[in-house]
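A.B. asks: Taken in order, these protein sequences are the chains called F and U.
Residues 1 to 93 (the numbering used here) are what the first sequence spells out, left to right.
Residues 1 to 111 (the numbering used here) are what the second sequence spells out, left to right.
Simulated from the structure, these hints should not be mistaken for lab results.
A hint or two may mislead.
Short derived list, chain U residues pointing at chain F, Cβ under 8 Å [to be verified]:
#: 1; residue: 6
#: 2; residue: 12
#: 3; residue: 14
#: 4; residue: 30
#: 5; residue: 45
#: 6; residue: 82
#: 7; residue: 93
#: 8; residue: 95
Yeah, the Cβ is synthetic: ideal placement off N, Cα and C, and Gly gets one too.
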Amino acid sequence: MNMVLTWAVSFALIGFALGMACAVIRLLRGPAAHDRILALDALYVNGMLLILTLGIRFGSRVYFDIALLMALFGFVGSAAMAKFLLRGEVIEP
Amino acid sequence: MMMSEYPLWASLPASVLLIAGGVLALIGSAGLLRLPNFYARMHGPTMGNTLGLGCVLLASMLVASAQGERLVFQELLIAVFVVLTSPITALLLMQAALYRDRMERRTASTE
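Could you build all of it, start to finish, from the sequences and the hints given here?
C.D. replies: Structure, rendered in structure tokens:
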């Protein structure tokens, strides 16, 4: 019965990898700069999901810390790039 | 640590949640690829990916609890963080897109 979990993990990994591929295509094709930033945002969220699923697969808690760090730095990066598009500089005096 | 040691009460809901999470994240990212303009594309990742993230975090909590034989809820940290920050990113991006579209239209109309 525990084969179910193995197959579910494989299915989820394939789903997240396809999602990352969609985001990369949008990142390369995107007509405007904010499309590309949105694609980067989706890319890091999908990567974080991939890391969490790998943590389930290998039964290790280290992957959780990596996912937490990815969430933190991904948000900082996306917010900084959106702020740059909005104002032309990230940290205003 | 092999995966065949988890009890049934943890592995079965975790499998269902993982499949749901994979499908939701894929739908969100496909929406990013297929929807026609930016304001429509905004919806795909923000909703699909956040729902998928919730499912995967629940599955991870279940498996970690079954593995350590105690309650593990550090995943709530990621959940709270993402729920707090993903609307901020979406709002900033939407403001930037509105501003840039407006500027573009203004420069087009003066020429």
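A.B. asks: Hint by hint, note whether the structure agrees.
C.D. replies: Here is what the structure says about each hint:
1. 6: Because about 6 Å separates residue 6 of chain U from the closest Cβ in chain F, which is inside the 8 Å limit, the hint holds.
2. 12: holds (7 Å)
3. 14: With a minimum Cβ separation of about 6 Å from chain F (threshold 8 Å), the hint on residue 14 of chain U holds.
4. 30: holds (6 Å)
5. 45: OK, holds: residue 45 of chain U within 8 Å of chain F, min 4 Å.
6. 82: holds (6 Å)
7. 93: Status holds, d = 5 Å.
8. 95: holds (6 Å)
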